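Protein chains in written order, with our numbering: chain P, 1 to 364; chain E, 365 to 728; chain R, 729 to 1092.
Think of the hints as simulated: they come from the structure by calculation, not from any bench.
Any given hint could be a false lead.
Said to hold, decoys possible - Rough simulated footprint, nothing fancy, chain P against chain E, three-plus residues with beta-carbon under 8 angstroms: (1) 388 to 395; (2) 440 to 452; (3) 513 to 526; (4) 592 to 599; (5) 628 to 638; (6) 646 to 654.
What the hints assert, rightly or not - If you want the ones that stay clear, here's a sample from chain R, every Cβ over 12 angstroms from chain P, calculated: (7) Ala731; (8) His755; (9) Asp765; (10) Ala818; (11) Ala847; (12) Gly1047.
Since we're looking at a predicted model, the values are computed, not measured.
The beta carbon of each residue, even a glycine, is placed where N, CA and C say it ideally should be.
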Amino acid sequence: MTAHRIEDIAIALGARFEGDGAFAITHAAEPARAGADALALAMDPKFAAGLAEGQARAAMVWEGADWQAMNLTAVIFVPRPRYAMAGLTALLDAGPRIAPGIHPSAVVDATAILGAGAAIGPLAVVGAGAVIGPNARIAAHVSIAEGAQIGADCLLREGVRIGHSVTIGDRFIAQPGAVIGGDGFSFVTPEAGAVEAVRASLGERGDARQQAYARIHSLGGVRIGDDVEVGANSCIDQGTIHPTEIGSGTKIDNLVQVGHNVRTGRDCLLCGQVGIAGSTRLGDRVVLGGQAGVTDHLEIGDDVIAGAGTLLRTNQPRGRVMLGNPAMEMKASIEAYKGLRRLPRLHADVTELRKMLSKPDPKT
Amino acid sequence: MTAHRIEDIAIALGARFEGDGAFAITHAAEPARAGADALALAMDPKFAAGLAEGQARAAMVWEGADWQAMNLTAVIFVPRPRYAMAGLTALLDAGPRIAPGIHPSAVVDATAILGAGAAIGPLAVVGAGAVIGPNARIAAHVSIAEGAQIGADCLLREGVRIGHSVTIGDRFIAQPGAVIGGDGFSFVTPEAGAVEAVRASLGERGDARQQAYARIHSLGGVRIGDDVEVGANSCIDQGTIHPTEIGSGTKIDNLVQVGHNVRTGRDCLLCGQVGIAGSTRLGDRVVLGGQAGVTDHLEIGDDVIAGAGTLLRTNQPRGRVMLGNPAMEMKASIEAYKGLRRLPRLHADVTELRKMLSKPDPKT
Amino acid sequence: MTAHRIEDIAIALGARFEGDGAFAITHAAEPARAGADALALAMDPKFAAGLAEGQARAAMVWEGADWQAMNLTAVIFVPRPRYAMAGLTALLDAGPRIAPGIHPSAVVDATAILGAGAAIGPLAVVGAGAVIGPNARIAAHVSIAEGAQIGADCLLREGVRIGHSVTIGDRFIAQPGAVIGGDGFSFVTPEAGAVEAVRASLGERGDARQQAYARIHSLGGVRIGDDVEVGANSCIDQGTIHPTEIGSGTKIDNLVQVGHNVRTGRDCLLCGQVGIAGSTRLGDRVVLGGQAGVTDHLEIGDDVIAGAGTLLRTNQPRGRVMLGNPAMEMKASIEAYKGLRRLPRLHADVTELRKMLSKPDPKT
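Same shape as in the complex, but just chain P (with noise of 0.2 angstroms):
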């Protein structure tokens, strides 16, 4: 492991240090786990029994700290500690390891063009024409597809799958599995169907015969903005037509389902889980909660919050906090689970009430 130096750290985090600047560690640890070469991340005085406890010399503490009295050599004072550890892990993250340069077990098609500085690992595919800027980092196993374009610095980890037909921005992350440009899933019948019926009722499904389905190809492939992270086993769908589009800094957890034709804002959150039906649109910055979902062609406004495990069958105006399946804003939604908790005794209240009046309960 590489050692930083407290000082080099400090300027990196744009941070103040005391003690001994040339003080070096080589990673992180909990206060009471940390070694000697370790930095303790003691960020709260909840944590001085722990700094005691373990062997660190080096700490990132909290304001105010009096870091002499624990026998520490040199400290890091951080204003927000939670921001100060993406700094922080990103410099001693040493990320998987790729050999620069193409592998020689790689497949890579004599049409594709490579940016400056590309390390493709093992086994992997670049398809023909397929455009990857510079810096590029191809774990093993990460397929390319024909005519897929990805920007600089982009980090494809083990057995990504990028389709034809898939534009990505700058700066893009995609954890193990993830797989962008898989078809739409899209289908008719040559009639009418049941689904149909059921739609335009609300629960009706007329006598609608149900026929075999025909498929409606997926040709308008996917568009990803810049700073997009995609986790694990995470499904993108081709649009139809126009391509299904994930703005600008959007960070999408594992296993998550985009659909056909969705297009979201930037700065979204999708968290674990969560899955978004086709043709619907996000605004900025919505956050979804794990296991959350949005039914297909909905509009939901930028802001939106949605907590884990809410199901948005409506559309949402900007700013909304939704909670709950079916959804209802936050505080209404606690309200009223609040009242089904109690609500086999509110019946029993209504009996009682009813007897009292002499008006026999009919069901009794």
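For this one, chain P is given, so just place chains E and R on it according to the hints.
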């Protein structure tokens, strides 16, 4: 992109054209964004303005459109626009490009049998004794295990996994990362455990001690009919003794879980992130919306439809339209959840009624 | 298929046989479909008719079955049929066929250490310094990154991804496409953002401007105990500083998400599509049904059981049996949802009571 004559497209769609049938387009586009070489998709009068805005000279239009007044050269009239999209997109889809023959980097066992016209992509693996029908298109990094059988005209996209003991019909399509034939999730303790107690009692765990799990291995394989499609990163597990079965014509979206011993009927639609637990059977034409779930050992009748996010925990007679977690019939579910939103008010009302009857609420 | 003598099977299962112990079967089958070379699985009297229908000469039967009257040659009596299935299927499972030794197309780094008896499939990749115990079975297209450590007797099926900084115990099984060691989903804004405001206030987003996300890198790796199984396309993310941990004996189904810094105890069962958000801890023997979710930073006690589709948003003391979204104790949940179904009626009742008390409903 290949050029297609308007007359040829009309014939392929079984549709009527007017104007210059020899006029050729290379792709489809929304009317307002269409260039001179595009077929504008303007199947509704609301697109008239868009046609004027764009550059298209050919369009697919609504019945009765006055195309000559709109400065078009040729038009196609379609009676059911959504259905016409199936034919049109099939015609225009160049699909993933996989060179005919076996890529030199692919590892195909000498005892595997490939039908005529196979295209096997780079770094694909085909195991001993596997049998694959004619015109197979198998993309990069696909693995087909020993003994698997696949019918004619399959398309397996990048990284698809076909296990041993899997049998698949004709015209099978699998999106990237789909897994057919993983082992079922089936474990058992030496003595009956807490989960069995909870199931028997609907909630009482008893004092069952937990014990180490023994694995029930999967020997049954998977059997898939004709015209089935499976989405990206979806999983269909092997059966224990008999195969897990997917009926012909069934379409499965991305990130769907089909447990061991499940049987689906024909022409089912399983939308994104649906989960079907072990040993459950679906009839024909069952439709499960996104993130819907079905618990294990259930019977779901023909033509059942469940909306997005629905959890089916009980058997369903044929034709039911269900919604919610837990599921109710759709109309009842919508009414019940309307009531839930008003529940805090109802609690207040009942408290007030109590007071009017001089019966103080014991909670206050 | 290998033939197995009835006597040998009985010994392996610790069970009693009667009849011709030398009679051999090649596979197991349902009684009605069993051929003459099958062991019929007839552990309940309800299968007696099926035995008559099929051709089996050997069967696993219920205690007290009059096998001679059923024209059988040999039978095995088992006290707990489901548990016997574990032993029987293990005996009959030929498993995926991976040739001993290293397939010539595999890319194994010269510094990787493989235990005796390894079978490494075609196009697998093993990185620098990886250490894999004896008798490893590693299927096609698996990647094991630099520095990963795996114990004895592992089975990694097709396309499994093991990241760098992953340590795994003995007898590990991973189904196709499982990803161990993707990076955690952890982002932070320079100043506190809307999500932090919503969490603090339970619903008020404040006027926090959204800002670009900075990435907190994952440095902690993953640590997995002995006897763990992970399902197809499931994901276990790296921890930030300390490893994400999976306790020995824990079994994980398909498409499950385990976030960064999560720790599970021993012998947990996580069914299909379960999601566990970052930093949550599960005790021992926790069982989460299909599509259940647990939000972040929670403590779930030993022996907690959550039914399918349950969302746990709060800490749970040991032994709780929970159901629903949001979760309640199972019996309370069942009662509450019964009440929900009758809620429209309750609203009507209360309106009527109001009228009887000459107190008009202000809503009407």
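The hints, checked one at a time:
Three residues within the 8 angstroms Cβ limit are the bar, and the region 388 to 395 of chain E against chain P gives 4, so the coverage statement holds. Residues of the region 440 to 452 of chain E with a Cβ under 8 angstroms from some Cβ of chain P number 6, which satisfies the need for three, so the listed coverage holds. Residues of the region 513 to 526 of chain E with a Cβ under 8 angstroms from some Cβ of chain P number 3, which satisfies the need for three, so the listed coverage holds. Beta-carbon proximity to chain P at under 8 angstroms applies to 4 residues in the region 592 to 599 of chain E; the threshold of 3 is reached and the given coverage holds.
Requiring three or more residues with a Cβ within less than 8 angstroms of a Cβ of chain P, the coverage given for the region 628 to 638 of chain E holds, as 5 such residues are present. Coverage of the region 646 to 654 of chain E by chain P holds. Counting CB-CB distances below 8 angstroms, 5 residues qualify, and the rule asks for three or more. No Cβ of chain P approaches the Cβ of Ala731 (chain R) within 12 angstroms, the least distance being about 39 angstroms, so the stated non-interface status holds. Every C-beta of chain P lies more than 12 angstroms from that of His755 (chain R), the closest at about 33 angstroms, which supports listing it as non-interface.
Asp765 (chain R), annotated as away from the interface, keeps every beta carbon of chain P farther than 12 angstroms; the closest lies near 39 angstroms. No beta-carbon of chain P comes within 12 angstroms of the beta-carbon of Ala818 (chain R); the shortest separation is about 29 angstroms. No Cβ of chain P approaches the Cβ of Ala847 (chain R) within 12 angstroms, the least distance being about 18 angstroms, so the stated non-interface status holds. Against chain P, the non-interface label of Gly1047 (chain R) holds: every CB pair exceeds 12 angstroms, the least being about 20 angstroms.
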